[in-house]
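All residue numbers for the sequence shown refer to the numbering used here, where the first residue is -8 and numbers rise by one.
Check before you lean on any hint, since a few could be wrong.
Stated by the list, open to error - Okay, derived cross-link-like pairs now, SDA-like style, lysine to any residue, Cα gap no bigger than 20 Å in a straight line:
| id | residue 1 | residue 2 |
| --- | --- | --- |
| 1 | 187 | 6 |
| 2 | 283 | 85 |
| 3 | 104 | 189 |
| 4 | 159 | 283 |
| 5 | 304 | 348 |
| 6 | 304 | 411 |
| 7 | 379 | 348 |
| 8 | 319 | 392 |
| 9 | 137 | 195 |
| 10 | 159 | 253 |
| 11 | 283 | 113 |
| 12 | 159 | 137 |
| 13 | 187 | 41 |
| 14 | 137 | 186 |
| 15 | 187 | 40 |
| 16 | 187 | 317 |
| 17 | 137 | 73 |
| 18 | 137 | 86 |
| 19 | 137 | 96 |
| 20 | 159 | 317 |
| 21 | 159 | 141 |
| 22 | 283 | 41 |
| 23 | 298 | 330 |
| 24 | 186 | 103 |
| 25 | 104 | 145 |
| 26 | 298 | 417 |
| 27 | 14 | 137 |
Claimed, not checked - Label pairs and their computed distance ranges (CB to CB):
| id | residue 1 | residue 2 | range |
| --- | --- | --- | --- |
| 28 | 319 | 140 | 53 to 61 Å |
| 29 | 388 | 77 | 34 to 42 Å |
| 30 | 389 | 81 | 43 to 51 Å |
| 31 | 379 | 264 | 36 to 44 Å |
| 32 | 312 | 285 | 17 to 25 Å |
| 33 | 375 | 77 | 47 to 55 Å |
| 34 | 347 | 316 | 52 to 60 Å |
| 35 | 391 | 83 | 32 to 40 Å |
| 36 | 233 | 150 | 51 to 59 Å |
Because the hints were derived from the structure by calculation, they are not lab data. Where a beta carbon is used, it is the ideal one built from N, C-alpha and C, also for glycine.
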Amino acid sequence: MPLREECLWEILTPQRPDNTSLKGEVTVDVCVVGAGFTGLSAAVHLLEQGRRVAVLEAHRAGHGGSGRNVGLVNAGMWIPPDDIEAGFGEAVGSQLNRMLGAAPALVFSLVDKYDIDCQLRREGTLHMAHNARGEADLRSREAQWKRRGAPVELLTGQACAEATGTDKIAAALLDRRAGTLNPMAYTSGLAAAAKKLGGQLFDHSPVTRLERQGQRWLVQTAQGSVLAEQVVIASNAYTEGDWTELRRNFFPGYYYQVASVPLTDAAARRILPGGQGSWDTRQVLSSIRRDKEGRLLLGSLGNGNRKPTWFLKAWADRVQQHYFPYLKPVEWECTWTGCIAFTPDHLMRLFEPAPGLVAVTGYNGRGVTTGTVVGKAFADYLCHGDAKALPIPFAPMQPLAGVGLRSCLYEAGFSLYHAGQCLRIVI
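Use the sequences and the hints to build the structure in full.
In structure tokens, the structure reads:
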């Protein structure tokens, strides 16, 4: 079977909204740039509070990293909670930990409130230790989260083998706050909710200019413009053009995934039988999950668009055979890649470069929950002006040096590691 370059989540979300492009002038209270997790969460929460909202999307809702996500509804960030508080200070760090610890519950509440059909599972996620060092890291994370009252548990021995479906993992941290979903369907559901609440959504409308005109902002596109008192820039890793400095405050990285055909035999049902999504503790990690039809989805850091399909299949075979050698030969169906906004310290940034203009970047691969939380926080801040609604304070924009070089070095390292996996030098 040839490996198709196509995003599985688009295939499984046939009812994606397709809105017209912006033509002419629209006047609203808030203009949101970007129809992904952050922008649509902001739009929904603004509309719930009575604001008039227009959303501008350069392509279609979910086109970027939101629709190409792994779909893990995780709590917290990649960095352990103690490190968060060390980096931001105890007061700010503890607030961020609280807000992101509760982030899956916010996602679940939106899915329930707006009846979003996104194949949501609420059984948690598994962070899998691939070696002794990884196990030590997970034990530390378990202790840190338990001190904060989180329902996490380190599984070992038979319990770990049964939960993961592999004997190659010595321990796995089960986070019962978390879950999985179809990220494109979740994004599409948020877009539908925004429209139902009276929001104006415009696809195929990339921003070309942003400037202050008196008391309002002018947001220009090729065929129209939006006049708004406030603007949310939520384009993150998919920011296009020179109309904002945001794209100079992160460096792009990539994450590819490979999905099998549906696997329905008894052997395949041993893989993650509890419905959790998972990822391992490797520096160049692998993510593993199933979808509602039984497909096996494997992912890793790197740009799959720059790799031949035979390489991606060889990589997927290697990971599958290492973790799940009892499977029959797996047919791989499709592959896709998403872009991630990385920051050097792996922490996100919130910006307010001018009154009434807010922006965010640097989710570092935690978009589903972090984007949803930040979108709501921006909505609350713009409606009430209280900075306490934000997970972290605003920071000044400080363009990164060597953005292109950083991306190239990351990609070279990822590719070298994956080549080593394919050659069975590393796993």
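Earlier hints that do not hold, by number: Hints 2, 4, 5, 8, 9, 10, 12, 14, 16, 21, 22, 25, 27, 28, 29, 30, 33, 35 contradicted; others consistent.
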